[in-house]
Amino acid sequence: DTGVSQNPRHKITKRGQNVTFRCDPISEHNRLYWYRQTLGQGPEFLTYFQNEAQLEKSRLLSDRFSAERPKGSFSTLEIQRTEQGDSAMYLCASSGTSGGFSYEQYFGPGTRLTVT
Amino acid sequence: EDKVVQSPLSLVVHEGDTVTLNCSYEVTNFRSLLWYKQEKKAPTFLFMLTSSGIEKKSGRLSSILDKKELFSILNITATQTGDSAIYLCAVVSSNTGKLIFGQGTTLQVKP
Numbered sequence: 001d002t003g004v005s006q007n008p009r010h011k012i013t014k015r016g017q018n019v020t021f022r023c024d025p026i027s028e029h030n031r032l033y034w035y036r037q038t039l040g041q042g043p044e045f046l047t048y049f050q051n052e053a054q055l056e057k058s059r060l061l062s063d064r065f066s067a068e069r070p071k072g073s074f075s076t077l078e079i080q081r082t083e084q085g086d087s088a089m090y091l092c093a094s095s096g097t098s099g100g101f102s103y104e105q106y107f108g109p110g111t112r113l114t115v116t
Numbered sequence: 117e118d119k120v121v122q123s124p125l126s127l128v129v130h131e132g133d134t135v136t137l138n139c140s141y142e143v144t145n146f147r148s149l150l151w152y153k154q155e156k157k158a159p160t161f162l163f164m165l166t167s168s169g170i171e172k173k174s175g176r177l178s179s180i181l182d183k184k185e186l187f188s189i190l191n192i193t194a195t196q197t198g199d200s201a202i203y204l205c206a207v208v209s210s211n212t213g214k215l216i217f218g219q220g221t222t223l224q225v226k227p
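Taken in order, these protein sequences are the chains called A and B. Under the numbering used here, the first residue of the first sequence is numbered 1, with each subsequent residue one higher. Under the numbering used here, the first residue of the second sequence is numbered 117, with each subsequent residue one higher.
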């Protein structure tokens, strides 16, 4: 399967614990995005990488959130000291670019986080 | 602030009906508009629109963009129960390519 993959698919954690999610984009895509989706809403942008550089972060991304994309391949999203409000589906997407134009984004299956 | 609004928020139809989903937007630097279908999992890509007036078509689905009036429509003809899903509209308004999504339209197609 050459699509976007995410692990784990589900994560249940207790409030105050740290969690880390992984995303493996489509191999030839240089752009990688993280979004968060809560019930009844469209996905909201969290952060974006072009290759290994993190070029934009949403104000939704508090200091407890950090993302990396070492070597411009897979990416990790870590949430420290989780809160119940962090419960959501975390989606990763990737896309290619050409001359500054960003092509359509393809999404992974998501990681559903439940904080108890 | 950039904004994408979809209507209706939900819709119930019977198999064979034709539906039209609406998406309007207010963004500073429009680049493209995308439609996705979401069925209890990640969104799957349907269409990307960048030019006004050019219809994109895939089977029973079609979409068109009006950059003057700042909206797009997604049409589904001869609906089937498998079309039941949330349809998401998203706009790209910067060189980063980040998507700004609407709330989605939940479509239920009854047999």
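Hints are computed from structural coordinates only; laboratory data are not their basis. Fair warning: this is a prediction, and the values are worked out from it, not measured in the lab. The reader is advised that the hints may include incorrect statements.
Simulated restraints, written as ranges between beta carbons of each label pair [as the list claims (entries may be wrong)]:
hint : chain 1 : residue 1 : chain 2 : residue 2 : range
1    : A       : LYS14     : B       : LYS172    : 45 to 51 Å
2    : B       : THR166    : A       : GLY16     : 23 to 29 Å
3    : A       : LYS14     : B       : LYS184    : 29 to 35 Å
Pairs of lysine-lysine residues, derived as DSS-like cross-links and limited to a Cα-Cα distance of at most 30 Å, are as follows [what the hints assert, rightly or not]:
hint : chain 1 : residue 1 : chain 2 : residue 2
4    : B       : LYS153    : B       : LYS184
5    : A       : LYS71     : B       : LYS157
6    : B       : LYS183    : B       : LYS172
7    : B       : LYS173    : B       : LYS119
8    : A       : LYS57     : B       : LYS173
9    : A       : LYS57     : B       : LYS156
10   : A       : LYS71     : A       : LYS57
11   : B       : LYS183    : A       : LYS57
12   : A       : LYS14     : B       : LYS156
13   : A       : LYS11     : B       : LYS183
14   : A       : LYS14     : B       : LYS226
15   : B       : LYS172    : B       : LYS119
16   : B       : LYS119    : B       : LYS153
17   : B       : LYS157    : B       : LYS119
18   : B       : LYS153    : A       : LYS57
19   : B       : LYS183    : B       : LYS173
20   : B       : LYS226    : B       : LYS184
21   : B       : LYS157    : B       : LYS172
22   : A       : LYS11     : B       : LYS172
23   : B       : LYS157    : B       : LYS226
24   : B       : LYS172    : B       : LYS184
25   : B       : LYS183    : B       : LYS226
26   : B       : LYS156    : B       : LYS184
27   : B       : LYS184    : B       : LYS157
28   : A       : LYS11     : A       : LYS71
29   : B       : LYS173    : B       : LYS184
30   : B       : LYS153    : B       : LYS173
31   : B       : LYS172    : B       : LYS226
32   : B       : LYS157    : A       : LYS57
33   : A       : LYS11     : A       : LYS57
34   : A       : LYS11     : B       : LYS156
35   : B       : LYS173    : B       : LYS157
36   : B       : LYS153    : B       : LYS226
Cβ atoms here follow ideal geometry from the backbone N, Cα and C, with glycine treated the same way.
Ascending list of hint numbers which this structure does not respect: Of the numbered hints, 2, 3, 8, 13, 14, 20, 22, 25, 26, 27 do not hold.
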